[in-house]
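Undergrad: Sequence lines, in order, name chains Y and B.
Everything in the first sequence is counted per our numbering, starting at 361 for the first residue and increasing by one.
Everything in the second sequence is counted per our numbering, starting at 37 for the first residue and increasing by one.
Just so you know, these hints were derived from the structure itself, not from any lab.
Take these hints with a grain of salt, some might be off.
[Claimed, not checked] Okay, derived cross-link-like pairs now, DMTMM-like style, lysine to aspartate or glutamate, Cα gap no bigger than 25 Å in a straight line: (1) B:K106 - Y:E404; (2) B:K45 - Y:E404; (3) Y:K398 - B:E105; (4) Y:K463 - B:D143; (5) B:K133 - Y:D415; (6) Y:K398 - B:D95; (7) Y:K463 - B:E105; (8) Y:K398 - Y:D382; (9) Y:K463 - B:D95; (10) Y:K463 - B:E60; (11) Y:K398 - B:D66.
[To be verified] Computed far set for chain B versus chain Y, every beta-carbon distance over 12 Å: (12) F48; (13) K50; (14) I149; (15) L150.
[Stated by the list, open to error] Derived DEER-like restraints, expressed as beta-carbon distance ranges: (16) B:N120 - Y:S372: 26 to 34 Å; (17) B:Y46 - Y:T440: 33 to 41 Å; (18) Y:L473 - B:P131: 33 to 41 Å; (19) B:K50 - Y:V406: 29 to 37 Å; (20) Y:E370 - B:R80: 18 to 26 Å; (21) B:S116 - Y:A367: 34 to 42 Å.
Each residue gets a CB set at the ideal place from its N, CA and C atoms; glycine is no exception.
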Amino acid sequence: AQKVTQAQTEISVVEKEDVTLDCVYETRDTTYYLFWYKQPPSGELVFLIRRNSFDEQNEISGRYSWNFQKSTSSFNFTITASQVVDSAVYFCALSEAGAAGNKLTFGGGTRVLVKP
Amino acid sequence: DGGITQSPKYLFRKEGQNVTLSCEQNLNHDAMYWYRQDPGQGLRLIYYSQIVNDFQKGDIAEGYSVSREKKESFPLTVTSAQKNPTAFYLCASTPGKGARQPQHFGDGTRLSIL
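Pulled out of the complex, with its shape left as it was, chain Y reads as follows (with noise of 0.2 Å):
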């Protein structure tokens, strides 16, 4: 069965500092796809990178980057230079290519609070 975890559930972090948010996958299936989305205090969670297993690329997006390391199940999310706009739950998610429905998994998510 495919699991997600999120060991760290509440970062507290000044502005500018930069922050990693660690995530570990366990799935059976050798096609998956893993993403990470974001939630602010509004709601609705907001999608921000998608990866497939195929490819270990690590990818930077602005002050986003991410590192996906097959090797350790890792796929780990970092911010850089901080600030309070990013304050949020972040959650990884993982879904198998051969499951039903699209189904995703979820982490329980880390809740990122940078302070000013």
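Guided by the hints, dock chain B onto chain Y, whose structure is given.
TA: Chain B in isolation, oriented as in the chain Y frame:
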């Protein structure tokens, strides 16, 4: 703008009462999903539908029912059989049923017991 609209934003249920949460999308997406989020936890799948007039149970379907009579609409009914309905409910959609497609989410409905 295209998107997913959930209503109401807040909903209160009395004991023994059924309530229905609305989810409408104008993205022309085929697949729609309902999730439940409890405080401090991730999302869990309640039901999903990949095509009109068809839907499947997710991980926590007991006490819930859905219908998919129109492509753009996927209402969720929380029945009196759901003994602990207090949660945040999120509706999502994807263009098709491929696992690689990111899901688009609505703003959610917060349900509480009176």
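Undergrad: Just pull the numbers of the violated hints for me, sorted ascending.
TA: 3
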